[in-house]
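A.B. asks: Taking the hints into account, I'd like the entire structure generated from these sequences.
This is what each chain is made of:
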Amino acid sequence: MSVAVTSGSRAAGAATNTRPARRRSGDWGRRAPLLPALIFTIILTQLPFVATLGISFMDWNAYYPDERRFAGFANFRRVFTDVNIRHSVIVTIELTVVVVLVSLVLGMLIALLLDRKFVGRGAVRTMMIAPFLVVPVAASLVWKHAILNPVYGLINGTITAIWHLFGASNPPQPDWISSFPLASIELVLIWQWTPFMMLILLAGLQGRPLDVIEAARIDGAGAWQIFRYMTFPHLRQYLELGALLGAIYIVQTFDPVFVITSGGLGTANLPYTIYETFYQAHDYGLASAAGVVVVIGTIIIATFALRTVSSLFREEAR
Amino acid sequence: MSSITDVGPVPATRTRSGAARPDRKPRGGLVLGLLAWLVGILFIIPIVWMLLTSFHSEADAATNPPSIFAPLTLQGYREFFGANPWASLLNSLTASVLSTVLVLVLAIPAAYALSIRPVRKWTDVMFFFLSTKMLPVVAGLLPLYLFAQWSHLLDNIWYLLILYTAMNLPIAVWMMRSFLAEVPVEMLEAASVDGAGLVRTLRSIVVPVVAPGIAATSLICFIFSWNELLFARVLTATVAQTSPVFLTGFVTSQGLFLAKVCAASIVVSLPVLIAGFAAQDKLVQGLSLGAVK
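Quick note, the sequences are listed as chains V and U, same order. For the first sequence, the working numbering begins at 271 and goes up steadily by one. For the second sequence, the working numbering begins at 1155 and goes up steadily by one.
For the record, the hints were derived by calculation from the structure and aren't laboratory data. As the structure is a computational prediction, the values presented were derived from the model and not from experiment. A portion of the hints provided could be inaccurate.
What the hints assert, rightly or not - Here are some, though not all, of the chain V residues that point toward chain U, as calculated from beta-carbon distances under 8 Å: (1) L308; (2) V359; (3) L403; (4) V404; (5) V405; (6) L411; (7) T430.
All residues carry an ideal CB built from backbone N, CA and C; glycine is no exception.
C.D. replies: Written out as structure tokens, the structure reads:
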């Protein structure tokens, strides 16, 4: 723990260490500060999954506590044949892909707009960030009742106002949530997540080497060429970072599904379906089996995702 | 030029200080500026509408077309606070603040062991932490519920607080590591050569560099805990319910009263809005796990 160990600094621990004897003495001293966090995380995130795995092989419904018994793979068969669960897989994928892609593209366009100098840039940036800072439950409630509501929501109210302005009667008053239930949820999520993507990409844009771009401009490169060959490649890792982080959070979306449709109208995603199976139907076995399948699916996807992150953080992992 | 590019990704600050990038004067700059304003207004309209509606009477809030210039009133707020949300606001505050403190207590030593004096294979440990964030929480919810039921921890804010700590710890470890990695190791070595103890080294060299990182980490952990709904909804009932749970119950029990709903949403979002606006640059650092500085 003395001078010698301390001087075996970052570089030594990171990749190759050529001083095994000295290292061994410091090994536990080095590990000690890490252990509380590691043990805490393992107990609270890994143990529950082990328990879920165990319950997934049991026939266990809280309504019939006396009929708890081993069920083999029956729950898994039900997971793969259950129409609701299969549908919620599709909903989860669609929701995640649509929200991540749309907020990334919008976020990039807005970041490009905000990267320029114009009057009130700070104010517009603040306005853009605000949606991300509304509590998701509150955002879902306000969109559902105050904006998308067919009778007195802001959108239909605005349509009425415009129709009246031109002296027309019978303005169209679509029931947005009933007609486009999943799109309504996506809309709220995109509204909240575009600012997040914008912030990351704006940070990326402002880390560009300006002198190189200036040189390209002087050499006669057009705006599109500069974007295509200089800005976009530079932004790529920020786009990947935004997509990864966005996907991590949006896959687990629960609040807007719960608030806006309560999983109805074909909008139940996997988190909501599992929640319902366990919390309302009290079918613990089925809920756990679905949970296990989701975890396995996530591990497969995450393996690819982690490879992406590895390249993202390669630079940092000197 | 270099001094300008060295400034971090803090556009608001840069704009305010006026030392922004060299002014390019492209054609159509005015149009693009107006477009940026238009987009910004489009994104803020729902919040402005929420704020305006919260100050309207229920009758004015539910008109079609909307009554923008209706007289303002505090009725919505009065009714929200009349429904006694204080216990749930206090629960949210307890869970968010204490779990954030606990996260920092656990994450900072861990980050130290992953950056300044790294354990072997520290990258593997980092990816283990990140991978726990990728596992859907809903898959572990049932055992956590059953355990709470068995140990009589249902409807107990301390249990929720512990789970929020576990939820935010991986993010905090990532963030704190990226900040601690910036601590000048040469100075640490010099300090230990001069015989400075661990505590003194931490206090005089490490803390000044990582204080902004601690701020960013705290902000993110606070926001995520404050916003959380799924755990709170399943694991709490009347005693320990947090404000997002109160909010969902408030609507179903009160029926459709727009002004009240908007007032409630504003009050519940206010702590996050204030914290987020106060530390916009920290928000970016935090959300990107410290990858974007």
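A.B. asks: Evaluate each hint against the coordinates.
C.D. replies: Hints, verified against the model:
1. Against a cut-off of 8 Å between C-beta atoms, the interface hint on V/L308 holds, since the closest Cβ of chain U lies about 7 Å away.
2. Interface restraint check: V/V359 against chain U, minimum CB-CB distance 12 Å, threshold 8 Å, status violated.
3. Because the smallest distance between the Cβ of V/L403 and any Cβ of chain U comes to about 4 Å, under 8 Å, the interface hint for this residue holds.
4. Satisfaction of the interface hint for V/V404 is found here, the shortest Cβ-Cβ separation to chain U being roughly 5 Å, below the 8 Å cut-off.
5. With its C-beta approaching chain U no nearer than about 5 Å, V/V405 sits inside the 8 Å limit, and its interface hint holds.
6. About 6 Å separates the beta-carbon of V/L411 from the nearest beta-carbon of chain U, less than 8 Å, and the hint is met.
7. Among the interface hints, the one on V/T430 holds; its C-beta lies about 4 Å from the nearest C-beta in chain U, closer than the 8 Å criterion.
Hint 2 alone, counting from the list given before, is not met by this structure.
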